[in-house]
Amino acid sequence: MLSRREFLIMSAGTALVASFPTLANTGAKPQTATAITQVFGNGVRLTAIAIEYSQPVTSGQFDAKDFSVEGRTITNVFVSNSASLDKAESGKFVIVQLSPDDANLSLSEMIPMANATVRPKPAAGGKPWVAGDKPATNLIFNDPTATINADGTKLSTSSVKNLIVDDFQQLTFNDPETGKSLRYNLYVPKNHGDKPLPLVLFMHDAGVTSEFHRATLLQGLGAISWASPEDQAKRPCFVLAPQFDEIIVDDKSQASPMLETTIHLIDSLRKQYNIDGNRIYSTGQSGGCMMTIAMNIKYPDLFAACFLVAGQWGADLVAPLAKKKLWILVSADDLGAFPGQNAITEKLEKEGAKISREIWDARWNANEYRFAYDKIVAQGNPINYTVFAKDTVFLPGADKKGASGHRNTWRVAYTIEPIREWLFEQVKG
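Numbered by mature numbering (1 follows the signal peptide of the UniProt record, and there is no 0), the letters in the sequence shown go through residues -24 to -1, 1 to 405 in order.
Worth flagging that the hints you see were computed from the coordinates, not collected in a lab. All residues carry an ideal CB built from backbone N, CA and C; glycine is no exception. A few of these clues could be false.
[Unchecked claim] Below 30 Å or equal to it, Euclidean Cα-Cα: the simulated DSS-like pairs (lysine-lysine) are:
| # | residue 1 | residue 2 |
| --- | --- | --- |
| 1 | 404 | 171 |
| 2 | 63 | 156 |
| 3 | 404 | 330 |
| 4 | 326 | 301 |
| 5 | 404 | 299 |
[What the hints assert, rightly or not] Label-pair restraints from in silico Cβ distances:
| # | residue 1 | residue 2 | range |
| --- | --- | --- | --- |
| 6 | 96 | 142 | 40 to 46 Å |
| 7 | 315 | 358 | 18 to 24 Å |
| 8 | 343 | 253 | 54 to 60 Å |
| 9 | 397 | 31 | 40 to 46 Å |
| 10 | 108 | 325 | 28 to 34 Å |
Start from the sequences, fold in the hints, and give me the full structure.
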């Protein structure tokens, strides 16, 4: 008969109590516990607990009803050969999966930024910073931790496994030309060999400005969507995700020296790895989108194509983009990027650009996105401008005030696989 033990999970300062069975009759005992996280459009979540037993167990020895986690919804229980989401008939690990839709799952926290640039909020409104400033706060992400209480003996979590995120290297580039240092995350495709492969540059928004090296990987899907096992099997590539610790652009269409440093970093990586110079792509959300636009203006021949998400720039400055291959995505609920991109696309058309326009629904499923994608690309234009219809980017019951329509755009944007496909189909020249 299954006996029961208590499992205490402490995630981002919140204690959760779980019960789990041990196999008293078989001698299999829990030895270690690993917290498993996954990143979604709205950030990283604790989504599973991997319990390692002293000897192999089988799937028939466990059932979801044998487990409970206070405040969490268990969606599945299965056996694995490792602390992963790979199922097996037998193995030394039992994986308890938790719903990513439970309440209060955020692992993020704001802490003070050293050497912050403090500016008074403009009387006329707007943001209290300019490009190059250090914000007042750092966005960081706490690791979930776990402790097992078994007959008075505590067994603490031995590790945290962050799926896909852990496949990135954390590195620093010291730019000899600008004197700037830039933290960055790099995914190097497995078995890339001698074949030149594309590189995708992802740049985060101002809210993710931080000295925490992996913030850009944990905040959403902008970087990791390109590095998932599924995407890499279809479209192997390098993924570069800088972690900026200063504001890189501002609403006056100014960019910080990080523009040049990031370009120099790409140049450096091209010397280290076999990167296809005709298939370098850029994408970014909000400020990262704005930096992508600024880079295209200054270096119009660098990128084969770009995916612009929820950003804007001075329409009088964007003429060099008229000959580029672009996919632009904004929400009708975005009070800045929507009118901003309307002005940009009107300017580009005056410069001779051919643009396809469609209204999309952010609540669509994969098949609906595929149908809509096929419709717009059939027009054969180098620039596609898609707008999420009003009120479709919000989760049920979510706050719709302020910048919610802005931020929720990229919660959905990087889940749309056909756009990722489109980007990789574009080749410079």
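So, going through the hints one by one against the coordinates:
Under the criterion of a C-alpha separation no larger than 30 Å, the hint pairing residue 404 with residue 171 is consistent with the structure, at around 17 Å. This hinted pair does not check out: residue 63 and residue 156 have alpha carbons roughly 46 Å apart, beyond 30 Å. For the hint pairing residue 404 with residue 330, the CA-to-CA distance comes to about 17 Å; that is within 30 Å, so the pair holds. Simply put, residue 326 and residue 301 have alpha-carbon atoms about 16 Å apart, close enough for the 30 Å limit, and the pair holds.
Distance restraint check for residue 404 and residue 299: the Cα-Cα separation of roughly 11 Å lies within the 30 Å cut-off, and the hinted pair is therefore satisfied. At about 41 Å, the CB distance of residue 96 to residue 142 agrees with the hint of 40 to 46 Å. About 23 Å separates the C-beta atoms of residue 315 and residue 358, a value consistent with the hinted range of 18 to 24 Å. A hinted range of 54 to 60 Å is violated for the C-beta pair residue 343 and residue 253, which are about 36 Å apart.
A hinted range of 40 to 46 Å for the beta carbons of residue 397 and residue 31 is consistent with their spacing of about 45 Å. Range check, residue 108 to residue 325: about 33 Å between beta-carbon atoms, so the 28 to 34 Å window is met.
This entry does not satisfy hints 2 and 8, going by the numbered hints stated previously.
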